[in-house]
Amino acid sequence: EDQVTQSPEALRLQEGESSSLNCSYTVSGLRGLFWYRQDPGKGPEFLFTLYSAGEEKEKERLKATLTKKESFLHITAPKPEDSATYLCAVLLSGGYQKVTFGTGTKLQVIP
Amino acid sequence: GAVVSQHPSRVICKSGTSVKIECRSLDFQATTMFWYRQFPKQSLMLMATSNEGSKATYEQGVEKDKFLINHASLTLSTLTVTSAHPEDSSFYICSARVEQTDTQYFGPGTRLTVL
Chain L
1 EDQVTQSPEA LRLQEGESSS LNCSYTVSGL RGLFWYRQDP GKGPEFLFTL
51 YSAGEEKEKE RLKATLTKKE SFLHITAPKP EDSATYLCAV LLSGGYQKVT
101 FGTGTKLQVI P
Chain B
112 GAVVSQHPSR VICKSGTSVK IECRSLDFQA TTMFWYRQFP KQSLMLMATS
162 NEGSKATYEQ GVEKDKFLIN HASLTLSTLT VTSAHPEDSS FYICSARVEQ
212 TDTQYFGPGT RLTVL
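If you're matching them up, the sequences are chains L and B in order.
Following my numbering, the numbering of the first sequence begins with 1 at its first residue and continues without gaps.
Following my numbering, the numbering of the second sequence begins with 112 at its first residue and continues without gaps.
Keep in mind that the hints are not guaranteed to be accurate.
Covered stretches of chain B (chain L as the covering partner; in silico rule of three or more C-beta atoms under 8 Å from a C-beta of chain L) [as the list claims (entries may be wrong)]:
no., stretch
1, 152-162
2, 212-224
Derived CB-CB ranges, DEER-like [said to hold, decoys possible]:
no., chain 1, residue 1, chain 2, residue 2, range
3, B, 175, L, 63, 37 to 47 Å
4, B, 140, L, 68, 17 to 27 Å
5, B, 224, L, 19, 33 to 43 Å
6, B, 133, L, 41, 37 to 47 Å
7, L, 28, B, 125, 42 to 52 Å
8, L, 9, B, 163, 18 to 28 Å
9, L, 5, B, 150, 31 to 41 Å
10, B, 184, L, 12, 36 to 46 Å
Over 10 Å on every C-beta distance to chain L, these chain B residues come out as not near it, computed from the model [unchecked claim]:
no., residue
11, 115
12, 118
13, 124
14, 125
15, 176
16, 186
17, 187
18, 199
The set of hints was computed from the structure by calculation and includes no laboratory data.
Glycine included, C-beta positions come from ideal geometry on N, C-alpha and C.
Chain L with its partners taken away, still in its complex shape (with noise of 0.2 Å):
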């Protein structure tokens, strides 16, 4: 059975200390994964796609990878505006369009 798991489910860090988020997957085949983040009572902003083992992607002090299992969302030297849910999201192959979402990390940066 198809499954995405993140971890922790929530994270609390002080502002400027660099930590991870964990999501892992067991798919049959994977075409992308997602990363999102979700503030309370809005809707997910879409941070990343990747699409391959091995691929890294940057945006201001987030850095999403990937393996053949799992995917890190680096946060380094985080702040207080960070603090939000973050989810992670697979495409499987095979001509799939809907995704498989994660429960999400929820972060908070403690000023």
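Dock chain B against chain L, hints included.
Below, chain B without anything else, positioned relative to chain L:
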């Protein structure tokens, strides 16, 4: 680029009435749009996949007669909650897919409260 809007952002209605939510892709055309429902502190639950010009594909357990989806153009999909009841109160979010990248871009969501 890749901006998706939703209207209304909030709606309060009486039990038994119908509510229509619009989802628009503002700067791109989307053959495929999706409708999600999100309960507090939970992840997104896919309700249906909407393809322009054809019938929507509903997920198991989602009543197609209750949640009517129309995708009449490449920039607009609508979700109508018919005969709404308090248990339909939720946060509804749409997304539109950019074909070239397979990436979904989400709208800001609609908070529905049924009294």
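Those earlier numbered hints the structure runs against, lowest number first
Violated hints: 4, 6, 8, 9 and 11; rest satisfied.
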